[in-house]
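Here's the letter readout for the chains.
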Amino acid sequence: MSYTDVWILGEQEDGKVKLVSYELLKRGRALADKRGVKLVAIMLGKQINTEGLQELIHRGADRVIVVESPSLEHFLPEPYVNTFLCLIQRYQPEILIASATTTGRTVMPALAVKCNTGLTADCTDLDIENGTGCLIQTRPAIGGNILATIKTPTCRPEMATVRPHSNKPLPADTTHTGEIIYESIDPNLLKSRVKRLGFKANIEEGGSIQDAEIIIAGGKGFKKSDNFQMIHELAGIFGAAVGASRDAVDLGWATYPHQVGLSGKTVSPKLYIAIAISGSVQHLAGIKTAENIIAINSDPDAQIFQVANYGIAADLFEILPVLIGKLKALKQQKSL
Amino acid sequence: MNIIVPIKQVPETSNVKMDAVTGTMVREGVESIINPLDLYAIEAAIQIRDTQGGMSTVLSMGPPKAELAIKEAIAMGCDTGILLSNKAFAGADTWATSYVISQAIRKLGNFDLILCGERATDGDTGQVGPGIAAWLDIPFATYISAIVEIRPESLIVERMVESGYETLEIALPCLLTVVKELNYPRLPTLRGNLRAKKMILEVWGPTEIDALTENLGLQGSPTRVVKISTPQVARNGEVVQPKDEHEIEIAVDGLINYLQSKEII
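Taken in sequence, the protein lines are chains A and B.
First residue of the first sequence? That's 1 in my numbering, and the numbers climb one at a time after it.
First residue of the second sequence? That's 337 in my numbering, and the numbers climb one at a time after it.
I should point out that these hints are in silico values taken from the structure, not numbers from a laboratory.
Owing to the predicted nature of the structure, the values given are computational and were not obtained by experimental measurement.
Cβ coordinates follow ideal geometry from the N, Cα and C atoms, glycine included.
Please note: incorrect hints may appear among the correct ones.
Partial list, computed: chain A residues near chain B (C-beta under 8 Å) [what the hints assert, rightly or not]:
{"#": "1", "residue": "C86"}
{"#": "2", "residue": "R90"}
{"#": "3", "residue": "A112"}
{"#": "4", "residue": "I150"}
{"#": "5", "residue": "T152"}
{"#": "6", "residue": "P153"}
{"#": "7", "residue": "F199"}
{"#": "8", "residue": "V307"}
{"#": "9", "residue": "G311"}
{"#": "10", "residue": "K328"}
Extracted from the complex, chain B is given alone in its bound form (with noise of 0.2 Å):
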């Protein structure tokens, strides 16, 4: 079973700072990353790839140093790898995101399965996966959680909702995206690592994927970032430091006279 994953590196969330002037991420001088339920969709490719057989395609779109992600996830185990990164890709929005990436996948053609993070942590959105389904016009389901079984043309899968867990069967080739309890990703091993480290990645540019001019970036992105803001988080709430048995009580009675205030209780 041939698989892909759509990877994204992103910024140790703690401490980004946004350009003023484009409202894009300033991504110089911060420590990147896998973004983290990528690692589920790394691990499951790598598993299904060792049942299964087949070949496990890592991409990425990112500037230059989104290498690295490539090249973790080959070290935790993934067969190869392509990078997506020109300067016209900068700035995509999720719509120009998925075209890309989807577009890449054409390219790389003969695929069953696809399996993307549900989210990335810095954008947060959830749909570019969704999104690369739909330029492929695959069949694809989101928050998977299990996948239960691997059929010759389909998938048994169980999908996180709400107020549980739905079972589906999906028809291969499909589109996945997966949540935390899907599995325990492994860590790079040490051969996994200079196997990697010695890969030559191909770079995929606009030309390589056949993508049309006018779906790429910023300029291609249907949404504009007109304003950037930071909010005011603080609540300035009062905190008390009780300490004793009587303080305590105190501590306790203002909870309550809190919730009382709020009709909560």
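Bound conformation, chain A alone (with noise of 0.2 Å):
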């Protein structure tokens, strides 16, 4: 039996189908029209909801393949890499890529690794190369300064991560028809030595900074933790998420989940504000992928300014009042 078709491996939570689902499935559409093979989707849980399997196939799915106990509910390391080992080997796809948000990020590395192939992470980028048919990687590296074209010539699956929210998923098309299949798996396989006894969600306005749409992020020309307040303000009128430069977090104006950048998170929202926040390049590779960014830095020299799509040089004491009374004046405007 020879490699094909490519696969994306979905998420889901409390058995709703998560959108980063439906991103993958655009990349992998693109993918699997440009090699001439099927689109599978895979999704592991305890019950799925139906309608969001059918959603897969209606934004691109050929198939979908789901395997459902409740050792899935939530994602463990081994019952999901064996889960997923096991249906590469019954199925052997040609490419498998995953979201690199925290679960695609620690089950692929594993996958990889059981595979005897080669993993690349968190790309911007995925093509096809004519001749080859070979999947061609693209991912930023070294702090964001390169960007690295990286090929798995001879192994397969070729496997990859991809940024989360650097697309978005395609329209749903109705007409577009796919077959649901339920696998099941031999439950020695679905063992787990690692055991979920509980979960705290985050309680923050905006919620998830790499779910957000909206940021707004601030750093330390802050000056102070009661300073802080405004971004918190500025962050409501938008329903946006907070986030902060590193300095920021080890001063203690926000905790470490709201930290932007190579040593926190990445984040690909549709605008991004950064204000006070000179721009490391640590902080820059953290927000590279983001549509529009919005630059607010009493320096007219920061670096931040090379990345902006918009900037004002000026002290944020000054522009944030103005800024936060117009948008105020704005919204009562529109509800009005």
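Combine both chains into one complex, guided by the hints.
As structure tokens, this is what we get:
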């Protein structure tokens, strides 16, 4: 049997198919069409919402393979790796892509070792090479200073994780058809030496910075913790998540889950507003794929302005009150 | 409890060059540091060793000068270290790197816990930690932000995910990759520096770790870097410098206009 088809590893939470799954389908569709093969979505969970599974087909999948078990309700490395491995051995996909989420970045490296194949992390671009049909994987590396193009010439499947929210899903096409297959797995493969005892959800406005459409981020130019409140106020107006530079986190103005950059989180929002953040290489690498970047910084030579679509070089304490005032007025106008 | 900490020496990321022919990093002339996230793994290893007893061993695969990274970890308080350095290891991707480190760990044997930084700031893959666990077939957990409790047969840990924190119980021996929230890494002490300076580190190559030659280095790596390019980072956006209240009004209006033109507000 030879290797064929493009697979995406979908994700679910509480049985609901997550957005990243649909994003992956758009990437996968383009690859499958170029290779002239099927696009397959793999979903693992306890009990997955069937409308969500149908939507996977409407958004590009030709086939959905589902494995359901109480052991797969939440992500745990061993049952997930074993299940994927079992399916890979059964079907032999040529290409396997997952989202570079905490789940994808955990399961894929272990899976790549078990499959004896290559894996490229956090890709921002995937394509098929003319002639060889090889997967061409492009990713930023070395603090975003370079773009590396990587191939897995001989081992199969070719594996990559893709930066979440770096593309939008295809629009739903209700005329697109496909099959949903429920597979079963040997219960011995579902055993886990890691047990999930509990979960504490982040309670924060606008939610996780990795899922946010808009992020308002602040740096050490805020001078003190109390001033950082302005970031929260602005975020409240936009319904945005709050981000912070490494300095701001180290000073205790925001907690680590809010840290943007290479030692924190990589983000791809529609809008990123960086206030009093100078823009270290590490920080810039974390926001490279943001659609729009706005910077406010008192230093006109700050690095952040190089990546900004619009910048104001002025003191934040002069700009923010005016900005907040105008946005509030605008919001009131709209709701009237 | 015997703890192994695989660390990586990384360049200060601000000024890195790539070899146009091999597509790998040019390490000459660049200042090197311990990968920042590895410091949290080192600190945790020292703390656990201090309360539980046992040995903390640092491993690093790299060029001969990666010895400095190991010595810095020893100066912080780790007990001993081994350098995995050999021409045959050069150019390894994450698959081949995790193979070499896992073979060295097999050779060391008798470990309870492996602690890794979640990712390195140069490669930024986060793949070597889970890869090592897969080679060794031991339980693992990533993005660990707290080690809550150490039990005889297991650990209670917290794992940072997108929407919150999971509490996990993980059977020993196991591997954890850790994030910054875990602790506050200490600085090397004077006494530690002296001890590290005097220590002669063992250097292991393929023979010492019983490695299969076909799994090593660039030749053994499933992936190939085929092209390196410098991304166009500049967006050439407009940057205004308002000087007075009136100009601030205009600047802020400009910002709002931009957002409206992109249909964000």
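Hint check, failures only: The structure conflicts with hints 1, 2, 10, although it agrees with all the remaining ones.
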